[in-house]
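*Asks:* Protein chains in written order, with our numbering: chain A, 12 to 510; chain B, 86 to 305.
If you're looking for bench data, these hints aren't it; they were derived computationally from the structure.
Wrong hints could be hidden among the right ones.
As the list claims (entries may be wrong) - Partial chain B-side listing against chain A, Cβ under 8 Å, derived:
| # | residue |
| --- | --- |
| 1 | P118 |
| 2 | T121 |
| 3 | E147 |
| 4 | R151 |
As the list claims (entries may be wrong) - To give an idea of the chain B side of the interface with chain A (calculated C-beta under 8 Å), a few residues:
| # | residue |
| --- | --- |
| 5 | E111 |
| 6 | A114 |
| 7 | G117 |
| 8 | A156 |
| 9 | A159 |
| 10 | A165 |
| 11 | L170 |
| 12 | R191 |
| 13 | G251 |
| 14 | M253 |
In this text the structure is predicted, and so the values were computed from the model without any measurement.
From the three backbone atoms N, C-alpha and C, an ideal C-beta is built for every residue, glycine too.
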Amino acid sequence: MTAQNPPDQLVALGRAIARPPVVAGVAQHSPMAGLERRTVGFVDVLAQSIGAVAPAAGTATVPALIAAQAGSGLLVAVAAAWLLAICVAATLNQFALRIAAPGSLYTFTSKGLGSGPGFAAASGLLVGYGFIAMFGVVGAAYFLQSFVGVLAGPTAAAPWVTAVLLVGVGAVCFGVLRRGIRLSARVTLVIELTSLVVILALLAIVLSRLDAAQLAAPFTHPLPSIGGLVAGTAVALTAFVGFESAASLGREAARPFLTVPRTIRWTVLGVGAVYLLSAYTQLAGAGAFGIGFDGGQAVARLASDTDVAAVGTVLDLGLAASFTACAIASLTALARAVFSLGREGVLPRAMSRIEPLRKTPYRALALVVPVTVAVPLVLHAIGWSPWQSLEFLIVVSAAGYITAYVLATAALPAFLRRIGESSRRTDLVAGVAAVGLAGVLITYLVVMVPGEPVAVAVVGGLATLAALAYVYVRRTRSRGLARVGLFDHTTSSDLLGGS
Amino acid sequence: MSQAGRDPGLTGRQPGAVHGALSVLEEVARVGPGVTAQQISAALGLPRATTYRLLNLLVQDEYLVRLPDLAGFALGRKVALLAGLAVQATPEGVHDILLEVRRRVRGGVHLASYREGVLELVDVDPDFPLSDERRLLSDLTSSALGRLLLAERRGAPVPYVAVPNGPMPGHGCFAAAIRDPHGALVAGLALALPTQRLGDPEALLELTAADRPRLATALC
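Isolated chain A (complex conformation):
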């Protein structure tokens, strides 16, 4: 019997429907019980990933950061990062097709490589989501302040305003997150799409004012050195991180094995296209108008130079919203990772408490949101400018994220072999992704030493802290460590004839 010769009578199937078989080893409850199950629709899952990537904020700020490394190789760097992100997405999707887990990448890692690497991936994920959430809070406050400045004049530039805005953004995030996943996802999507439309319109305006020679200019630049390109690729990759965060809604998503992989695929493809267009426009526009990439407001300045200053002001508001969305989405994923670690017993069990009515992990939120506001406040207090903070936060976050990516992609071949579903193609793609990412991570940290020595030192410090935490957890919470890898498995109600 083959696919071309179907059974004309589904005898066994008919019998199974009439008398569903007893299935051993399927429990009535999932270890992730408490969070809503299988209710969040595709659009909301998509919103989670798009929000975490925050393409609007990324489009406006990251090309400047990439150009600092890759110079005129900006386009090549963005394209290379896009390709790498596609490989990572394809690899992570092999997990997402099979496992629904609030712990997302660290749970995946533990399924292939065991609890030690799983713990390392969890540390990377917490740092990645945590610092990107802080990045979102700082960015939102920064652009809000810039917007308020236009309305209220120089008073708005006072340091206390920054502090108030930081706390305010944090409070908004907490309120939205506590209300439940659907509200936060919807808010995120609306914000993100609106700001993206504004930015795309702006890019179109800029492009429409360029002549043919200026439009061709970005392709005639000589390529920079390989080192610069790799560094640029590494920075460009940071603009993609977050696309995988839909996986943290594994339990909450309706039809998770369909919606989560689809979200991850679409997000990477769509976001990459927008980045390429944006990088190209900024390169062509900057050449034409003689503007350098600095201060992270290249898009706004391009707008001002094309006599659409008003749009630039609206853009501030849009970017503030986009950064807020980024914070909300990152906190969503972060809270679920903390929740999952609590359920396993790696973190205190209290972290896995769920608010019964809203079904949100409120204890985890009550831990992570204050920390996310406190760190930016400290940076502000020691006199760092918002832009300085943003650059610092993104470096630490990227190191955390990419560490988790490397571990999860490296875990895939072992996982597929264990369940007897390995193939040469998935092994190859996972290998390319893991090796590429490891190279990017190392290059990135090395390249960042001169510009961001504090960030690289903090990454080293956090890695040491994670290693110490591992030793501590192994001593005092070994049972929790042994439980790493819990996920939202099939329950008896999912089975034919189940209840």
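Since the structure of chain A is already known, use the hints to place chain B on it.
*Replies:* Chain B alone, transformed into the frame defined by chain A:
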């Protein structure tokens, strides 16, 4: 078997995928919970990549579920929607014979198969729905059709079983064995009747005496 059957490029969008998906579901049902992707691929002679893709599609649509070990598969809740597809087509001729019997008998006339020693309903009288089909299939002692099979399993075959008091008050059922030429039990013809008409089972046996050999032939 066309070449396409071995083509690893088969995607979920191609028409062959529907056949493949049904074959995979049937195989999971046949082998039972816990069957792995490798076993399914080997049993169906499907390329492994195609098997994985079909399995993942069926899991996405919740016709299949992965067991907690992540390697084994079981039928999902949604398979119940395929009940119409999976009901065995009644063999040619059987339905006509049953129509004749139903015209003659003032009561419910149901046909069950005992193929492979399992009770399966082949044709239920549309005018007299079963009171509890689930119980009839799961508890063999609850019905005349089930007791007929139980007697056979115990090695003490009987020509008929009468149950004067069924789940519906004042009603019961009678089931007569249908045997192939070698005497093996292949099916059961059940009559659902008011209790007072079940007093003379020999007469009921006689009532369908001519029909049962014809049904045996039509069923084989």
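*Asks:* Name the hints, by number, that the structure is in violation of.
*Replies:* When the structure is compared with the hints, numbers 12, 13, 14 turn out to be violated.
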